[in-house]
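There are 2 protein chains.
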Amino acid sequence: MQKGFVHIYTGNGKGKTTAAVGLAIRAIGQGLKVLFIQFIKSSPTGELEILKKFNENIDIYRCSTGFIYEHPNENQKQIMKKCVSEVKEKILKNKYDLIVLDEFCNAINLGLISKKDAEELIQLKPVNAELIITGRDAPEWLIEKADLVTEMKKIKHYFDKGIKARKGIEF
Amino acid sequence: MQKGFVHIYTGNGKGKTTAAVGLAIRAIGQGLKVLFIQFIKSSPTGELEILKKFNENIDIYRCSTGFIYEHPNENQKQIMKKCVSEVKEKILKNKYDLIVLDEFCNAINLGLISKKDAEELIQLKPVNAELIITGRDAPEWLIEKADLVTEMKKIKHYFDKGIKARKGIEF
Chain A
1 MQKGFVHIYT GNGKGKTTAA VGLAIRAIGQ GLKVLFIQFI KSSPTGELEI
51 LKKFNENIDI YRCSTGFIYE HPNENQKQIM KKCVSEVKEK ILKNKYDLIV
101 LDEFCNAINL GLISKKDAEE LIQLKPVNAE LIITGRDAPE WLIEKADLVT
151 EMKKIKHYFD KGIKARKGIE F
Chain B
1 MQKGFVHIYT GNGKGKTTAA VGLAIRAIGQ GLKVLFIQFI KSSPTGELEI
51 LKKFNENIDI YRCSTGFIYE HPNENQKQIM KKCVSEVKEK ILKNKYDLIV
101 LDEFCNAINL GLISKKDAEE LIQLKPVNAE LIITGRDAPE WLIEKADLVT
151 EMKKIKHYFD KGIKARKGIE F
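So the protein sequences, as listed, match chains A and B.
With this note's numbering applied, the first sequence covers 1 to 171.
With this note's numbering applied, the second sequence covers 1 to 171.
Where hints are given, some of them may not hold.
As the list claims (entries may be wrong) - Chain A stretches covered by chain B per the calculated footprint, using a threshold of three residues with CB under 8 Å from any CB of chain B:
| no. | stretch |
| --- | --- |
| 1 | 20-26 |
| 2 | 145-151 |
| 3 | 163-171 |
Keep in mind the hints are simulated off the structure, nothing from the lab.
Think of the CB as a built atom: it goes at the ideal place given N, C-alpha and C, for glycine as much as any other residue.
Throw the hints in and build the complete structure from the sequences for me.
In structure tokens:
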């Protein structure tokens, strides 16, 4: 049995979620089974429309807390707690080859997921499954656990010129 | 009419082609029309299997020269020349919303595409289309032309431990 690795895509540049989507698409194209978890986000995106079409190969699950103003409120913390336990169940019950935890670092940094819960979740990864984590400012302890870390570093971004997120490009 | 931007995803880390695939999938999911050009590569990949299924929204074209030992040979240069002129025709004839030039930087750095030809190709971008360029070591003159540049920087990679490319993860 081939060993699976833990990837982290972090940094302040564009490309983290899109890389995770690309990895999910590649895996589906090779017949692998994917679990795609998206933290925080709740609005519709183009990528989910496509991923959904492959529901024989992918389970999509959104832990949508909605926008967070600096600190999560009690309701948001409860949503996340329920969600994390459901995600754990899914991982234990199914044989996934690739597990994506999109915006996981943000969920940790915002205090939505404790370090302990995050560590527990990562430990559930089946030995031969690949685990993909995205989000800005990956904590040092998480980077230590990873086999592959790419920093998506912003060199230039049109957002800095006041451009707003656009349909088909940012979502 | 909304202005489209030029993106570059460069650097020595994993995530450049997968981010471009993710962007193509997002665009397709929002009903945009995509041209997906892949330079150099010729072997089958999981992502192409999936992208092909959306042929009403995507044109895929591979400029496959095969592996290049330091410098391209005459045959490889001829393949590329023909390919670049076909790509130009496609861009002029169709109304694409998103154009991906995957591994374009590598094709330039290997001398497969001259700076002049590369500049001409970029100038053909319709005003409202988004242009996505990937590849290691984006040249300075290209970075200057871009509106968004993300450096995918390798912090850690399991390849450095002798792990080989795996089906569903690397291709």
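Each hint, compared with the structure:
no. : hint    : result
1   : 20-26   : holds (count 6)
2   : 145-151 : holds (count 6)
3   : 163-171 : holds (count 6)
Of the hints listed earlier, there is not a single one the structure fails to meet.
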